[in-house]
Amino acid sequence: MRHIKENRIASITAGSENANYPADNVLDSHPSKPWKAEDGVSSTVITAEVNYGVSDVAIFGTNAASATVAATDPNEISWGDDDVWGTEIPAVADYTQLVTNGTFDSNISGWIDESWGTGTVAWQSGGFARLTRGVDADNRGQLTQEIITEVGQTYNLLIKNDSSSPGRAGLIVDKTFIDTIEIGEKLSLDLEAIGTATEIKLFSATNNSYCDIDFVSARITQDSDTWANTTITTPSVTQYQRSTSEALWLQLADTIDRPAELAITLTAPVGETVYAGVMRSSIAETYGGNNPKYGLSIGGLDTSIEAEMSNGSRYYKKRNVLRQVGVEVLMTTNSAFEVIKFYQQYGKTETAWKLTDLNSNEWVLFGYIEPSTSYDYLGRSTVNIQFTEVL
Amino acid sequence: MWLVKITLGGTVYRVNTVSAALEHFWDGLIMSFNPLSYSMREETGGYIEPRFGGASFSPELFEDNWPPPMHVTIDVKYTESDEASAIEVFSGFAHRNRIGRDSIDYDFWGDTYDSTIVSTAVSGTLNEVFTTYCGASYLNLTLDTTAARATSPSISIPSNSSDVPVIDMLSKAAAAVNHCFYINDGTLYLIDMLADNGTYTYTEFDFKPVEYTDKQPVMLFRSGAESLIGSHPHGEIKDLDIDDYVTADNIATHLAGAKTILERPELMLTVPVADDLFSLFGAKINWTDESMGPEGSSITGALWVRGITIDSDGEFVTLTGDGAIS
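From first to last, the protein sequence lines stand for chains A and E. Taken in order, the first sequence gives residues 1 to 391; the numbers are from the numbering used here. Taken in order, the second sequence gives residues 1 to 326; the numbers are from the numbering used here.
Here chain E stands alone, though its shape is the one from the complex (with noise of 0.2 Å):
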């Protein structure tokens, strides 16, 4: 359930989807709920971005505080059981968008990580950049690098002609080594796209009806000088600049990696929320889909997880990614 925490006059109110009465009692006030949805912004990696979302509260949450203030401060948790296992998941600042007859509807505003910018040559493996670059001096981050490839690929970028957010940087140099990263509470992980974070096998009693969609195809994929032929000898050319972030040796390596990745279906899974949300970043999650096809046949489905999206009950979430069919 989700416990979202709203800070009105100076007052705490703790409010809820439905009501529950665990440590402090939650009053079942929101009417509506999508507080983020989660995608990646490069197509073969970079930062997994939150896009912030909204809720709609009942008019009763304001009444010691009407009319609704423009401006208020939120927290937002998810938990299965008790206050003290809840997950964090968003803070930041709600800001009002309607006052309805029957509900107040506010935008959610959250840390964009964009204030800090670079504008110098970076160089060394990913993980020592990202090290640098989680510092106090710039994102102000911890880094968890449990996820992130063994060996950590080399990096090189040169010095930028005018500043780039930080941010940018990391995600752009990320995707070119086929990485992806998102931050939660304080940490970035950091996550090798190649690899399992994790494997996760559900049933179909774990998920609603599954779309199964294929990316447009890929005939040649290119990099600076490189160029790889895709699988299929129809589809576009792919430009990717690996070249900008890598020196020009290791180019071909993590195109290849893109290639793999790109070649991939897009799938989506919508299972109920559960409070391991964000553990699922780049697990692979397997299930058997026996409602695909003619009697007696089945799609075996594989799905790393990129993208997460709330549904407006706050009940379910989309997950999102490249995927595998059999």
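If we strip away everything but chain A, and leave its shape as in the complex, we get (with noise of 0.2 Å):
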């Protein structure tokens, strides 16, 4: 039995969108409120910022008769790569920078000049710091700043010295020269801070010359992830909950503690507007990987209109009919407490479950449950939860 509790997806942006269905739709709790692609579009990308962490990611209300995801880290930034380098530091949200004005856009406030000799510093046009340096390193130009760094937590330091400049600039960090930076070179290097600030000084190193300093950067570095793009293509669908809920639920290989980036491929059949109505995910909760006993009980609540007409005849009017399931599963008491410190704490709020059946039969819903408990055995306590779907 698998539950999301919380829903962590903060945003969410579709592929194609009918403008009168929008994406939003299904971050709200009604499956029969759904999004839309635009007219004929039978397979899309949704894509979901996760705020927190996933593993599951549940889909209600929808025609997609299949679905693939990807989970890729926002925060991720492939630093050696030439070909995400430009001329600006690339944003990255959730990661602080800690240089001030590290891009002298128009100026070089928040660096200390400690030029030596003759040596110079001045904001070029263009967005550059310029060093310069006389006859030899004791006249040379000369920056510093200090940022707030943790002990033991490694930061990655980015600088570009521009191709534009004549001379090499050189790096020196906690009074420790690092290393020369090269006439257009963009340095990129993971230190591990030793206090609670770390000092940045940069130079200008050949003689008789200058170099201008394009943007300096400093950020918590994000590790490498396994997870990144990973890529779940098999959709745990049976014919037991696609015949009445339309609900899909996919189950990550691995495990994201992180905040994510969901790449959603939902695909209808040909000739079908793809559409869903509501979509969960988070890090799902197992209550201790329990299922149902055999023999689920499976009812329905209708709302529809009925009346008694002149000659006794009775006038229906169908809406909708909620699907109530019922189970009884022997879990572990600790995991029973769990349920029921659920239901006090979130009573009747809609969420979305899966149940596994000893015949391997999943069901899928999105609704509130109402459960009681047993303590029958030494460890070990019989739940009953009734499901009701919701609208």
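Keep in mind that the hints are not guaranteed to be accurate.
[As the list claims (entries may be wrong)] Listed next, with one range per pair, are the computed distances between beta-carbon atoms:
hint	chain 1	residue 1	chain 2	residue 2	range
1	A	Gly326	E	Thr213	44 to 52 Å
2	A	Asp28	E	His95	25 to 33 Å
3	E	Ile299	A	Tyr294	53 to 61 Å
4	A	Tyr294	E	Ser91	56 to 64 Å
5	A	Gly326	E	Thr112	49 to 57 Å
6	E	Thr213	A	Glu272	49 to 57 Å
7	E	Asp64	A	Gln153	35 to 43 Å
8	E	Thr112	A	Thr68	56 to 64 Å
[What the hints assert, rightly or not] Calculated lysine to any residue pairs in the SDA-like style (CA-CA distance at most 20 Å, straight line):
hint	chain 1	residue 1	chain 2	residue 2
9	A	Lys317	E	Thr270
10	E	Lys259	E	Thr318
11	A	Lys33	E	Asp82
[Unchecked claim] Partial selection, computed: residues in chain E whose CB lies under 10 Å from chain A:
hint	residue
12	Gly28
13	Glu204
14	Pro209
15	Asp241
16	Glu290
17	Asp313
Just so you know, these hints were derived from the structure itself, not from any lab. Treat the numbers as computed from the prediction; the structure is a model and nothing was measured. Even glycine gets a Cβ: it sits at the ideal position worked out from N, Cα and C.
Reconstruct the complex from the two isolated chains, following the hints.
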């Protein structure tokens, strides 16, 4: 039994969208209020930003017959790849830029001029800090800035010496010479902080010349992720859920424990316009991993209108019949407590559930639960749960 | 289904009694709905006047506009299929009535056409008078006389000592000559009450159980110097003000018309709401009711529709009017 309790999707966009049925509709709690692609578009990609972590994605009220999900880390930057470099520092959400005025857009404020001898520092139009050096190292232009750091944390430093510079630049961190930066070079290196503040010092390294520094950046380093670009191509779909609730449940191969970007490709049968009513994603709860005992009960809650007509005939206007599923699960007492705790915290809030019975049939439900439990065994409890789907 | 547009904070919200994915999505946030009813002002005809109802909405509708605004614009349509086929039912204002835990109640307010007045003498045929007062200087409505009497009766009204609303004057004038009228979506429809504005035959699968009620008997109808003996030897004397709206030589004709209408039983028929709601005004509905009387008996009923009332869940409508039983 898997359960998506909190929806971690912060924002969503669709590759194709009917203006009257926007992608945001999948974030509400109404499977019958859908996002729709533009007319005739049977397959498109929904991009979901997940702000915490994800292991499962559930989709309800959809005509998609298949779905794939590719997860990437929006904050992961391939610093070593020249293709992502430019004259600007790449914008990276959530990873704070620690350098003040690292792009020298209109001045060199935020930096301390620590030039030696006849060396000078000046702002140069085009967004550069020009460091000029005289006859030797004792007469060099030099800029310093101290950034706030955390001991033991690794930071990525990016520094570019513009290609128009006639001379090299040099880098000193915490009074230790690190490296020279050749003309046009974009230096990238990871450094582990040894103090709560780290001093970055740049200087001109070629006698009787100067260098133009284009930008300086410092951010926490993102580890490489084994889950990046994970693709699940086999959704967990059975005829049981599709016959009534039109739902898909995707379980990723790896649990992602940080913000992620999901590219979810939904594909409806050819000729149909793809749509989806509700989408939920987070790290799923498993409640001890137990599934229902053999024999579920299933019924319906009819919201249609009925009346008796003059001759005793029945007037019936079909509206929606909500599926109700009752299950009995033997689970650890701790898990039983978790179910009751969820009920206490969330009441009848709609959430996403996947049940797998002993015949391996999967039941995917979006609705609310009414649980009760009895502590029948040592360390194990019987939990009865009534699920009611919602519109 | 009902299609209701409400403007909240400059944004149009589309809601319904049940969620519907049409050209737009109509969210099922209406909890109860009785937008309006129509009833005839005068016993013998006149203005079939709307009485505005209201609706209860789910608090979810006001998620981005809390607390619910006091006063919003609203537009109500009805359709059986798609948005393009929807008929206009009501367009006006909704005024907040109650904020409850489970629902937010609003009353509807629409145009009552009371703002234009007249005091001068009026004369001409009924169609001519209505043409004048539907003009841009007065009610500014399109006039439809398709269902009016083929030979439009003459009207003669002396000048009033004080101003009266045009709609009142037209209502009384129409009633005097056995006509009624209703206004929908900018058009005034004038209907001859002694003719059938279309006929329909319903079966018992189409309507709920009917109650058959009669009016109080009238033994004498009077207007000005004219009088007409009723069909019953007992009952009240009914004084009508036909003489205030027609010349003396026409009173007897219209008094006879009034007698025909007033001696009919008053019937009510409850049927599912359909998108021909307004075209039913003045129509004759026939049915056979086998649920009445001893085994093997039945009632053949007929009803000329003069009023409609929509029930609280917006699913059924009760048609009222004068009828016939046999």
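(message) Interface hint check: aspartate 313 (chain E), Cβ to nearest Cβ on chain A, cutoff 10 Å. Holds or violated?
(response) Hint holds; aspartate 313 (chain E) Cβ to chain A Cβ min 7 Å, cut 10 Å.
(request) Decide if the proposed pair is consistent with the structure: lysine 317 (chain A) and threonine 270 (chain E), CA atoms, cutoff 20 Å inclusive. (result) holds, 16 Å
(request) Let me know if the C-beta of glutamate 290 (chain E) comes in closer than 10 Å to any C-beta of chain A, holds or violated. (result) Result: holds, 7 Å to nearest chain A Cβ.
(message) The hint says 49 to 57 Å between threonine 213 (chain E) and glutamate 272 (chain A); measuring C-beta to C-beta, is that right?
(response) At roughly 54 Å between Cβ atoms, glutamate 272 (chain A) and threonine 213 (chain E) fall inside 49 to 57 Å, so the hint holds.
(message) Range first: 25 to 33 Å. Now tell me if the beta carbons of aspartate 28 (chain A) and histidine 95 (chain E) are that far apart.
(response) holds, 28 Å
(request) Report holds or violated for the interface hint on glutamate 204 (chain E), using the least CB-CB distance to chain A and a cut-off of 10 Å. (result) Constraint on glutamate 204 (chain E) satisfied, holds at 4 Å.
(request) Go through the hint on aspartate 241 (chain E) and say holds or violated, using the shortest Cβ distance to chain A against 10 Å. (result) violated, 39 Å
(request) Just tell me: holds or violated, for the beta carbon distance of glycine 326 (chain A) and threonine 112 (chain E) against 49 to 57 Å? (result) holds, 55 Å
(request) Take the C-beta atom of aspartate 64 (chain E) and the C-beta atom of glutamine 153 (chain A), compute their distance, and say whether it sits inside 35 to 43 Å. (result) holds, 41 Å
(message) Can you verify the interface hint for proline 209 (chain E): is its Cβ closer than 10 Å to any Cβ in chain A?
(response) holds, 5 Å
(request) Starting from lysine 259 (chain E), check that the Cα of threonine 318 (chain E) is at most 20 Å away, please. (result) Violated: lysine 259 (chain E) and threonine 318 (chain E) sit about 25 Å apart, past 20 Å.
(request) Go ahead and decide if the range 53 to 61 Å is satisfied by the Cβ distance of isoleucine 299 (chain E) to tyrosine 294 (chain A). (result) holds, 59 Å
In this structure, the hints that do not hold are numbers 10, 15, in rising order.
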